[in-house]
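Protein chains: 2
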Amino acid sequence: MESLNEFSVVREFFSDFSRGKATVIGPGDDCAVLRLPQDTQLATSSDTLIEGCHFPLGSSGDDIAYRAIATSASDLAAMGAQPLACVISLSLPEIDIAWLKNFKHGLSSAIRCFSLPLVGGDLTKGPLTITVTVYGSLPAGRCLLRSGAKQGEIVLVTGTLGDAAAGLAFLKNEWEPNCDDKEFLVRRFFRPESRLDLAASLLEIATSSIDISDGLLADVGHIASESGLSIQIDVKKIPFSPALSKLNNNQQVLKWALSGGDDYELCFTMPANKNIPPGCTPIGFTAPGAGVRCEGYDNISSGGYRHF
Amino acid sequence: MESLNEFSVVREFFSDFSRGKATVIGPGDDCAVLRLPQDTQLATSSDTLIEGCHFPLGSSGDDIAYRAIATSASDLAAMGAQPLACVISLSLPEIDIAWLKNFKHGLSSAIRCFSLPLVGGDLTKGPLTITVTVYGSLPAGRCLLRSGAKQGEIVLVTGTLGDAAAGLAFLKNEWEPNCDDKEFLVRRFFRPESRLDLAASLLEIATSSIDISDGLLADVGHIASESGLSIQIDVKKIPFSPALSKLNNNQQVLKWALSGGDDYELCFTMPANKNIPPGCTPIGFTAPGAGVRCEGYDNISSGGYRHF
Numbered sequence: 000m001e002s003l004n005e006f007s008v009v010r011e012f013f014s015d016f017s018r019g020k021a022t023v024i025g026p027g028d029d030c031a032v033l034r035l036p037q038d039t040q041l042a043t044s045s046d047t048l049i050e051g052c053h054f055p056l057g058s059s060g061d062d063i064a065y066r067a068i069a070t071s072a073s074d075l076a077a078m079g080a081q082p083l084a085c086v087i088s089l090s091l092p093e094i095d096i097a098w099l100k101n102f103k104h105g106l107s108s109a110i111r112c113f114s115l116p117l118v119g120g121d122l123t124k125g126p127l128t129i130t131v132t133v134y135g136s137l138p139a140g141r142c143l144l145r146s147g148a149k150q151g152e153i154v155l156v157t158g159t160l161g162d163a164a165a166g167l168a169f170l171k172n173e174w175e176p177n178c179d180d181k182e183f184l185v186r187r188f189f190r191p192e193s194r195l196d197l198a199a200s201l202l203e204i205a206t207s208s209i210d211i212s213d214g215l216l217a218d219v220g221h222i223a224s225e226s227g228l229s230i231q232i233d234v235k236k237i238p239f240s241p242a243l244s245k246l247n248n249n250q251q252v253l254k255w256a257l258s259g260g261d262d263y264e265l266c267f268t269m270p271a272n273k274n275i276p277p278g279c280t281p282i283g284f285t286a287p288g289a290g291v292r293c294e295g296y297d298n299i300s301s302g303g304y305r306h307f
Numbered sequence: 000m001e002s003l004n005e006f007s008v009v010r011e012f013f014s015d016f017s018r019g020k021a022t023v024i025g026p027g028d029d030c031a032v033l034r035l036p037q038d039t040q041l042a043t044s045s046d047t048l049i050e051g052c053h054f055p056l057g058s059s060g061d062d063i064a065y066r067a068i069a070t071s072a073s074d075l076a077a078m079g080a081q082p083l084a085c086v087i088s089l090s091l092p093e094i095d096i097a098w099l100k101n102f103k104h105g106l107s108s109a110i111r112c113f114s115l116p117l118v119g120g121d122l123t124k125g126p127l128t129i130t131v132t133v134y135g136s137l138p139a140g141r142c143l144l145r146s147g148a149k150q151g152e153i154v155l156v157t158g159t160l161g162d163a164a165a166g167l168a169f170l171k172n173e174w175e176p177n178c179d180d181k182e183f184l185v186r187r188f189f190r191p192e193s194r195l196d197l198a199a200s201l202l203e204i205a206t207s208s209i210d211i212s213d214g215l216l217a218d219v220g221h222i223a224s225e226s227g228l229s230i231q232i233d234v235k236k237i238p239f240s241p242a243l244s245k246l247n248n249n250q251q252v253l254k255w256a257l258s259g260g261d262d263y264e265l266c267f268t269m270p271a272n273k274n275i276p277p278g279c280t281p282i283g284f285t286a287p288g289a290g291v292r293c294e295g296y297d298n299i300s301s302g303g304y305r306h307f
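Quick note, the sequences are listed as chains U and V, same order.
Under numbering that gives the first Met the number 0, the residue at position 6 of the first sequence is numbered 5, and the numbers go up by one with no gaps.
Under numbering that gives the first Met the number 0, the residue at position 64 of the second sequence is numbered 63, and the numbers go up by one with no gaps.
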């Protein structure tokens, strides 16, 4: 293989994934060009993941690529948007072919899974950092905000909570899960589920929505404060995976579920008299006042990851 | 001032700049939402600048913010696109209020100067790094690529070349400019000119275009290779600022101009029989064959910055 510089690395590892219905011009020019579907507006979000902060040192390229795209895709899902494309800015300390092959593998899976063709990017030398920008479409004039919840609605989440935080705690040697569950929990950290398939129905039925990145209580707190109401969570209704259920709902499990973050499930509100979308669990309700109450869990003040 | 975390920093320093004709939803939700003008397509680019690599250690927040937005805006100009908005992912080692105030100042100038309202972003803890994603609009079905040059056309550049590289060399203590020129040269590095005002006329008249980030010869080389032709540059026609002109066109000045990069001027091709846009200088022509020839300058092989 020729001596690799950023141009040949981009050609070799990042140029095969640009085809998509919105792609007019993919990687290799000054900008990517996207054609939005008729009568739509653009939803977009950009997130940076840094080694040692957002994923453990020594994580595989495969996992890092997948997680970076999944966590950004989750922002599109939370807005009710349909995926169009993504762009990646990658900073690497060195060119490591084995690592890059691995990265390409994770990239390829995530791009397929989230329908986010890679239309551009940037490769620089520096500490291992990945910034993913995602582009999605929304019907003109419509989107799902954190601020739209009304009093007397129900609060729901997708999937199960706490698995990713439990998986991360295992990666940090903070506990030892049952042998059968290790792979599942670690996978829940590195391979968040796509909830993009729910985006269209949430846009119809939900009044507010957020993705759970910082921990349920912190994120549901954003809905409460931006909607100007209070939210009451019923701890007994939190959905757990079999792996966490078998730990008998102890305070550690609750902490993972309520304050752990990293699940990238969606939390949303909707009128109580409508049909609940499949895979979603009601966990509470909105009410007058402010803040989040969660009886049976005392650790609210520690809710949510803080960078500083 | 309250103890600052990423939420209060975003509120305090980054939330005032979102108003713009395309902005539907600005910072603070899962995604920003942009309304594109009718019958347009989206041009977008994402670039990362890392301290110690793209700007010297200890650069002011003011300069870093301005340069980051300017260099990304330049990608829009090179495509012939009109600016709509930008999003910033910022990684900081610590919360330093004085630095952030400075950063906000540069941000504010650049946002105004490049008409790129800040509609979203992300703040994380890590090595000082800034990723700017820009969004622009292009008439449906049209854009300016590197691959569109035809044989027998003229090659032009905007502004003057080499100033930014000379300014950077001074910042690195590699030479000592005339006292009167120091500020001008350093400013040319940190405050690249906006060429967005040329974008619309280039879209009408130019056949190919690129912004000069890696050095003229490297970047014009992309036009040559992607358009399948050769380009001949006439060294005597390279436009120099008064600050560099007075150095008598020596090989060091040529090296800054031809291989230095960082000017973020535009290089483009157009038919020889059309009117040259104001502020642009013809420096060569396209011909059959491949590669870039540049008589009077021997250093072609060193052309262009390489990250790895």
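Source of the hints: derived by calculation from the structure; they are not laboratory data.
All of these numbers come straight from a predicted model, not from anything done at the bench.
For every residue, glycine included, the Cβ atom is placed at its ideal position computed from N, Cα and C.
Please note that a few of the clues may not be correct.
[What the hints assert, rightly or not] Per the computed footprint, the stretches of chain U lying under chain V, defined by three or more beta-carbons under 8 Å from a beta-carbon of chain V, are:
#	stretch
1	28–41
2	57–67
3	74–88
4	266–274
Outcome of the hint check:
Only residues whose C-beta sits within less than 8 Å of a C-beta in chain V count toward coverage, and the stretch 28–41 of chain U has 10 of them, enough to reach three; the restraint holds. For the stretch 57–67 of chain U, the proposed coverage by chain V is not satisfied: 0 residues have a C-beta within less than 8 Å of a C-beta in that chain, short of the threshold of three. Counting residues of the stretch 74–88 of chain U whose C-beta sits closer than 8 Å to any C-beta of chain V gives 8, which meets the bar of three, so the coverage hint holds. Taking a C-beta to C-beta cut-off of 8 Å, the stretch 266–274 of chain U contributes 0 residues in contact with chain V, too few for the three needed, and the coverage statement is violated.
The structure shown violates the earlier hints numbered 2 and 4.
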